[in-house]
Amino acid sequence: MEEKTLLKIAFIFSIVGVVALFLVSENIAPQEIKISEISCADSGKDVKIHGRIAGVDEKEDIVVISVAQEKIIKVVAFKDGKLNLQKGQVIEVEGEVRNYKGNLEIVADKMKVER
Amino acid sequence: MFPEILLAVFVGCLLGVVTGLVPGVHINLVAAILLSASPFLLQFINPITLAALIVAMSIAHTFLDFIPSVYLGIANEDTAMGALPGHKMLLSGMAHEAVKLTVIGGILGLATIILAMPAALFIVPGIYSGVEPMIGWILLFFILFLILNEADSNSKFWSFFIFMLSGVFGIFALGIPNVPNALFPMLAGLFGVSLLINGLNSRIILPEQDSEKEVRLPKKLVLKSSFAGALAASMVSIFPGLGPAQAAALVEKFFRRMGDYGYLIVIGCINTVSMVFALITTYTIGKARNGSIVAVDEITGIGINELALFVAVSVIAACFAAFLTLKISRIFCRAISRVNYRLLCVCVICFVIILTVVFSGFIGLLILSVATSIGMLSVLLKTPKSYSMGCLLLPVILWFLM
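Protein chains in written order, with this note's numbering: chain A, 2 to 116; chain B, 440 to 841.
If you are wondering where the hints come from, they were derived from the structure by calculation, not from laboratory data.
Do not take every clue at face value.
[Said to hold, decoys possible] With a straight-line cut-off of 30 Å between C-alpha atoms, the simulated DSS-like cross-links for lysine-lysine are:
1. B:LYS527 x A:LYS5
2. A:LYS9 x B:LYS527
3. B:LYS726 x A:LYS60
4. B:LYS821 x A:LYS5
5. A:LYS49 x B:LYS726
6. B:LYS726 x A:LYS113
7. A:LYS75 x B:LYS726
All chains should be modelled from the sequences, with the hints used to inform the complete structure.
The following block contains the structure:
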């Protein structure tokens with residue numbers, strides 16, 4: 002195949018492919034799960050949880066939020082100054098389940114205070 | 440304790456052979472498995488022994504993973520920048536010499552960083568605290584500097600285009616939830632499959648490989664390459680989001696005229712130095728810049744005694760790994776001359792596709808296809824491969840700046 006043709010094909014595929022990935026990333030959401038259902042098998046998976054803030058522990062670069070449903074799980078988020086989190090608020094968290102020193106926690110990608 | 444640690448180094452090196460030779464099996468994956476299994480394993484061995492095993496595996500990996508990169512064109516984020524010069528030497532019948540140059544780089548790099556370690560222990564915390572608030576801007580400046588230093592306006596434009604395209608691709612691909620190991624199809628496509636497809640299209644005929652063919656390099660070039668690699672690897676190891684590919688790009692810009700041979704020494708040096716330097720950054724600033732050292736830190740922590748032990752383990756593992764790498768490379772050298780290269784390329788591409796489906800599912804296939812297209816664009820537009828690392832760098836820059 003001529004190099005020019007291959008270049009055109011690669012160019013079109015790249016642009017179309019990136020657009021396709023954008024559409025996929027916008028339309029696939031993490032599965033919503035109950036905190037009590039999160040187990041070691043979910044380690045590495047992206048999940049979405051809802052819960053009430055039971056505690057906020059601010060550290061140097063991160064904030065550790067205890068989110069309660071039937072059980073409590075810790076959510077680790079990097080501080081960005083945008084969210085004002087307080088005990089009692091209902092929060093939606095999307096993030097990755099991680100096993101940190103034997104305890105399951107969620108490293109947050111997105112957080113939204115619902116009320 | 441000493442015989443136990445020696446045995447751990449031996450087993451670790453053998454694991455490093457597996458992770459280095461088998462595409463898609465990364466030391467971070469194996470280290471994570473060992474960490475998860477540590478409560479069970481620690482009933483039989485003590486934490487220091489397990490940690491020594493992981494360190495030995497990681498060091499051995501940095502030597503062995505050039506073999507699939509050079510002989511099969513399957514590169515990863517650590518070997519990506521060596522893929523092209525390694526591939527060129529394969530096409531000249533000197534694949535074994537290419538691997539040997541990376542081994543030389545690895546050994547000399549390790550020696551350099553050990554000599555520099557006392558100074559590094561003092562300097563690293565100061566540098567990190569000074570640059571930490573500006574990391575995003577430094578990374579942005581670094582990329583702009585590389586782009587603006589391209590030869591002509593055409594090169595500048597296409598380099599910027601490839602950087603942004605791969606950057607946007609990386610943001611979308613890494614942002615899709617529940618696609619495990621998205622990094623594998625991303626990097627395999629950008630740095631491996633694209634090269635193989637280009638090779639198929641160019642109807643490359645693989646010459647007979649001669650493991651006895653050697654290149655004679657001036658000692659000055661060898662030492663300069665090792666020093667440059669060690670320095671660049673040390674600098675980028677302090678920054679998140681930067682790795683061996685960016686260090687190699689830095690060397691390419693600042694230390695010109697070292698040619699493909701010198702560059703392979705640099706790449707070999709960078710890989711091994713990055714691994715050892717991760718021990719230093721963990722000890723000094725509490726930041727482990729790779730997954731296997733995170734696992735080590737989790738198991739034992741890294742104080743001064745552990746640091747000294749792991750450096751000793753690295754030296755022993757490096758010597759053993761260098762020997763194994765050269766032996767295995769000779770085997771590959773004899774084997775690859777007997778195969779049909781075009782068939783081999785097709786088989787490797789099929790193997791990567793199967794691994795992608797197994798590790799990352801069908802969305803992983805989409806990621807692989809797009810990555811391959813972008814990788815092919817980079818090859819056909821003749822832009823340096825380092826800009827394709829925009830897939831990792833742009834997300835990191837935006838994370839720090841926004």
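Report the numbers of all earlier hints that the structure fails to satisfy, in ascending order. Violated hints: none; all satisfied.
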